[in-house]
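Number of protein chains: 2
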Amino acid sequence: MSFDEELVKKTVAEFLTDNPKEQGLDVAFIEICRFLYDNPNRLSWRSKNKPSVTDKNGLKILAEKFFNGFRRSDFPAEPGTIPDEMVSIVMQQAYGYSAEQCEKIKIEHQHSMCAENCVGALLERYLDSVLRKQGWHWCCGDFIKAIDFISKDKNGKWLVLQIKNRDNTENSSSSAIRNGTEIQKWFRSFSKKGGTNWDNLPELMQGYNLSESGFVAFVEKYLKEEKARLNN
Amino acid sequence: MSFDEELVKKTVAEFLTDNPKEQGLDVAFIEICRFLYDNPNRLSWRSKNKPSVTDKNGLKILAEKFFNGFRRSDFPAEPGTIPDEMVSIVMQQAYGYSAEQCEKIKIEHQHSMCAENCVGALLERYLDSVLRKQGWHWCCGDFIKAIDFISKDKNGKWLVLQIKNRDNTENSSSSAIRNGTEIQKWFRSFSKKGGTNWDNLPELMQGYNLSESGFVAFVEKYLKEEKARLNN
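Chains as they are written, first to last, in this note's numbering: chain E, 1 to 232; chain W, 1 to 232.
Simulated from the structure, these hints should not be mistaken for laboratory data. Keep in mind that a hint or two might mislead.
One copy or any two copies: either way a pair holds, since identical chains are not told apart in the list.
Claimed, not checked - Computed list of lysine-lysine pairs in PhoX-like fashion (alpha-carbon distance at most 20 Å, straight line):
no.	residue 1	residue 2
1	192	106
2	164	48
3	164	192
4	157	227
5	106	193
6	224	152
7	152	133
8	193	154
9	9	21
Only a predicted model underlies this, so the values are computations on that prediction, with no experimental measurement involved.
Let the sequences and hints guide you as you build the complete structure.
What follows is the structure in structure tokens.
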């Protein structure tokens, strides 16, 4: 069966709102489905019934994941795990912290981990907020394996990109894409020497003023707005 | 070529010392080599020249990794990375910490991560300290894929075990072992409900008084001794 763009359009239309922040998400979803049509092995799906991009029902399932991913809050959660007491024992023995200090540290450590996850999530949101109107499509919703953004070069060849917040984050396994397309990788920050990597963005993401100061402003605005929204 | 136990014995003999803590490591190394002979696909090796367990030179290379792994210190290191400033920004916005608090928290967070790594490493050392004389062989030195301990059941079939400190640690990829042997998994602590899992040790590790209090005592003794040794 060939790719039915009209069917995708019709399906995604049911999910659209007039929220200006969601403008262009229909185009992104269509292109992501086209990419999956060209590269069916990139679908990341745990259960047995893999949705197909050539039928209405499959498209609905994917659109739901896509829009849920976009609309979920990336405000840091309250930690849901119970700290390992052995870590506090090591902290006392190795670094000389008191038991009392460790009680505080273990909470702050959990908050730090939640904050780290938040930075990773907001990095993708920031890139999407700038690049969506430049022909880059954010693969949100976690159903594309090891790929965060896709686009096409001037010859119509897929460009695929994996984003990491840090150079020491483990890369997801990333087997090859069809037609010899390689997954490009970009990370934001250097863990060893410090500093950021905005000067090294993939070529087709350059020229749109993406920067660390832009990211800081985006993060602060996002968290303020989310806090207000969640407290309502 | 068949497995040459004599050759392994002769090779490992050059690495032995009379340190009582290392007693029995020669037997462990021999059995690990035998396991690799039976399951060559479990060798984890990055460079091209994979050492062979059937020649002297390959055995030397493996023995070196094995003993280096055993003899290295698992005392928590001083952090070698530079914290991501964006994490502190999120901590302030989301949890209301002050910038000054964040300066302290980011160091303590790094120490916590180093302490977590230490707990994972010492968990294997603790198990080895009790189980080595019970026919369990610790795969230290990181050259066996996704396996931490091996032993044999009463029918002479390999038993292979992966150990994790916590139920939410990602499992290493663990493709099947020959003869349908499955990699058993055991984790020490529950991240969601709290508490530990010593009551659920794999059958052949039971009966040797492995326990949380035994682990605590081991960790405290190890760190005190290592501290004294490293300060000398």
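Earlier hints that do not hold, by number: 2, 4, 6 and 8
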